[in-house]
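Novice: Generate coordinates for the entire structure from the input sequences, incorporating the hints supplied.
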Amino acid sequence: MSSVAETVFRLLFKYRPVVFERGELAFGAPWPAWVLVVAGIVALALAAVPYALTRGDLRRMDRVVLASLRLGAFALLAFCLSRPMLVVATVVPQQNFLGVLLDDSRSMQIADDGRTRGAVLAELFGSEAAVVRALGEKFKLRFFRFSEMVERVNGPEELEFTGRRTDLGNALDGARRALSGVPLAGLVVVTDGAENAGGALDETVLRLQADGVPLHLVGLGKERFAKELEVTRVEAPRDVLAGSSVAVDVTLTHTGMSGERVTVSVEDAGRIVGTSEVELPREGETATARVHFTVEEPGARTFRVVVPKRPDELIGENNSREMLMVVNDRRERILYFEGEPRFEVKFLRRALDGDEQVHVVTLLRTAENKYLRLDVEDSTEVAGGFPKTRQELFAYRGLILGSIEASFFTHDQLRMIADFVSQRGGGLLVLGGRQAYAEGGYGETPLADVLPVVLDGRADSSRFYADVQVELTPFGRSHPITQLGTTPAASEERWRTLPALSTVNPITRVKPGASTLLRGREDVGDPFVVLAYQRYGRGRAVAFPVQDSWLWQMHADIPLEDQSHERFWQQLLRWLVSEVRDHVTVVTSTDRAERGQAVTVTAQVVDSGYVERNGAEVVATIVDPTGAARDVPMEWIVERDGEYVVSFTPTRDGRHEIHVTARERGVTAGTATAYLDVADLNSEFYGAHMRRGALERLAEATGGRFYTPPTLGTLPEDVSFTESGATVREERSLWDMPIVFLLLVGLIGAEWALRRKRGLA
Amino acid sequence: MPSMTPRFALAAISALALAGIVGANLSRAARPAQGARVGSVPDTGPPAQTHAFFFARAAYSGFGRGEFGSWATDYPKADIQFLIGLKRLTNIDAYEGDRAVRLDDPDIRRYPFLYAVEVGRMALTDPEIAGLRDYLLAGGFLVVDDFWGTREWANFEFNIRRVLPEYPIVELPMDHPLLRTFYQIDEVVQVPNIWQGRRGGPTWERDGFVPHLRGIFDERGRMLVFISWNSDLGDAWEWAEDPFYPIQFSNHAYRLGVNLVIYGMSR
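Going down the list, the sequences are from chains A and B.
Number 386 in this note's numbering belongs to position 386 of the first sequence; there are no gaps in the numbering.
Number 1174 in this note's numbering belongs to position 174 of the second sequence; there are no gaps in the numbering.
Read the hints as simulated data drawn from the structure, not as lab findings.
A few of these clues could be false.
As the list claims (entries may be wrong) - Partial selection, computed: residues in chain B whose CB lies under 7 Å from chain A:
1. Arg1109
2. Pro1112
3. Ala1138
Claimed, not checked - If you want the ones that stay clear, here's a sample from chain B, every Cβ over 10 Å from chain A, calculated:
4. Asp1126
5. Leu1172
6. Pro1202
Where is the CB? At the ideal position from N, CA and C, for every residue including glycine.
Specialist: Below you can see the structure in the form of structure tokens.
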């Protein structure tokens, strides 16, 4: 209720609305009930009978109205004579404690209107402040400062406003504990925002509700900045192969900047590696910018996403965010099985020639039961043709199938390929060819389920052939596989000018849930699917049903220095194996944390056949920035097979390494490493506007109220109406409310005026 | 088109002519020899990817006789005969017809395997040099065959140096993967032309007594050009069905030819 409305209410009803909210209506008249019944009948008679008996040309309606007005006046008199009152519980002066929690976090340094929130707090809650004096008359005040911790202080003079986070749940729990042995009338929290430490605030609120402790929130700061831009979220793959093209999605929110264009940059050690421009949408909507860049140097690397701060922006700290990315330099092994000699073999191999990270082992069937093995590691590798055991196949992280008919494989082998994707989590890529897809007889095999495309086949058994002018789909435009240029615009231009390919597999439909990156241009021919993928179980299946991508290298329109073909294949195969799991995989709940913030480490453990193991002995060795290591055992969580967790709280800033080792029966099943950066994350400057809605809900949930500096004057009185702590019942009479007098005068006046108009007075 | 035999009858004339050509080429640096021509190139159909493999015959400028240039020696029978064998011996989806393509035709880039014969009579024009160079650097593979002796070598070397001046020509070791790609080839057999083969020898022509397998590799070790010098694979394919042509020669020619195609499609 606005302060004007509240003042008017108080003039009419004698008390503030909060008294009516908290109080219970009661009557203090000593008469028994039958007296009231008799008085009522008499009043009815006095009101109705004279008007019923009056002669003249009074209309029936006039009689009713006049009688009602008189009856109303009698009823009001009866109400007053009944001694109406409100019974409210109020605190016994100086018998109760009131906790006052003051936000000591860094966001209190923000100067919304030239004055910092901290300065406003110091003025409102200083020892000489009116509110504090008024509260001090009724309560014993206990001040606390809070940010990521909570601590008793004597007053706002001791606040420094340097806390890195606001952990409201922890603060409330801490204050409750400190005041647990005393009668507590409530808690007053003076803050600019809600929780940003990710703690369990809900449980704290439930405890306060159970104890009946009201929470009064005082919100400081602006609810909306005139102009402000914030990097709200950054989404990027955590684990990539060196040399991969990476797409980072940056979510921006803003106020007052609709329609403006901003440039989002990604920096690696101060060097800009990628940029993207985005137009900011309407206020309230988020903008997403996708920034592409190529990661080269291996190791756990910190990238910074930045949007330049405008001069008229209040906060600059929220214009950037950092992210941790592990750039691997391991060699990913992919098996390419091709059923017939084709130039795809030569040019695919050449595209990856010299690639340190992607190693393609080629098994080429050159004639019936005759194979050519290329780039094998030793004389035994695929010596017996296509792998016949899961162990042999699952040693690879990716599988490329060329023009090889389904009948070449046994049913077990086909099942094994499907399991390679679904269970092992490997990447499967199927190329086009006269013996691939429906033309290769895959329609009724387990691979038909795995593939992202619908294998229709054709009723006509003649050999199909069509040229395909490839174009990007809207989804493909921003995918890391299809980035052929240094900028998205250059990439799109390159795709527009690449020569046409051909297909002998007329595939036009993808399955629900599959994503299409490339397709044939409709104005040139049928919109054939050229590149599509879907997740299948734990892995990915990619369809590339064209037969001559080598033309992107050889065609006369392609300049010799052009790297489109090489880049396409390198990016496609890197992406194909980018999320393939190892025997042990480990992730942390966050890759960047504040000191003192709990971090959960989750490990997945599978055996050599990629079946989850629940009985393994899993240990996380946490190495802090000083090099000190400690082992913590990880526990299997019963809800999910093969998943083990442990939580820890870092106490030092810097890079932490978490090495996880899984052992079974004394034999090491696998190891994995995750990284965690502990640093000052500037959390306080994100979402730094005053969050009125959240604070109001919190107050409402606990029976308290929400205030801003202008409405703070009523806090002392409001706080005193409480059920919590040592209270007394206070009676507040209602008969003398101005509204009663005004109503009485109004009723009698209206009756008299109507009588006069009808000639009765 | 007939084979250009009997060569022995023309040996002296050829030698003299070649000496003139080489001399003229050397003196005129990068300019083509006068009188060199491609001749007629039959229209063998539009460029297409309807099959995985086309046996493309390089139609280059040279000193040939009659309507066709020297490039057309043994053409198209050798090509077609070889393709019949290739399809029978391997599972390559090969187009069974012949395909001739000029070196200065952009469509040459659709045929990453290229076969050239009688390169001792080659006299490439500037557009052909540019076309062949780009073809090879983009990933094309050229097989040259059927040229004999030091003078023809000199002419070929002169021409190919203009195409790829930066890469040396090296002798192929017998353990080179090309010789094991499909068939295991343990010796370099001198394959004679049809006339000498039928007659039972000698297998050499001019002063080309010893057959050589040579290659031109780029800085990454990729073979761009395969050179079969002092040997005539083309005649062995062309006359493979001839009962008087010794089977060991056509056998070797097919083995090497199949290895070349599979090597060219996979390396």
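Novice: Grab the minimum beta-carbon distance between B/Leu1172 and chain A and tell me whether it stays above 10 Å.
Specialist: Label holds. Min Cβ-Cβ 18 Å, cutoff 10 Å.
Novice: Taking the minimum C-beta separation from B/Pro1202 to chain A, is that value above 10 Å?
Specialist: Non-interface label on B/Pro1202 holds, nearest chain A Cβ at 35 Å vs cutoff 10 Å.
Novice: If you take the shortest Cβ to Cβ gap from B/Ala1138 to chain A, is it below 7 Å?
Specialist: 5 Å, holds
Novice: Checking a non-interface call: every C-beta of chain A should be farther than 10 Å from the C-beta of B/Asp1126. Is that right?
Specialist: The claim holds: B/Asp1126 sits with its nearest Cβ about 17 Å from chain A, beyond 10 Å.
Novice: Should the hint that B/Arg1109 touches chain A count as held when the rule is a Cβ pair under 7 Å?
Specialist: It holds, given that the least Cβ distance between B/Arg1109 and chain A is near 4 Å, below 7 Å.
Novice: Quick one, is the B/Pro1112 hint okay against chain A at 7 Å, beta carbons?
Specialist: 5 Å, holds
Every hint from the earlier list agrees with this structure, and none is contradicted.
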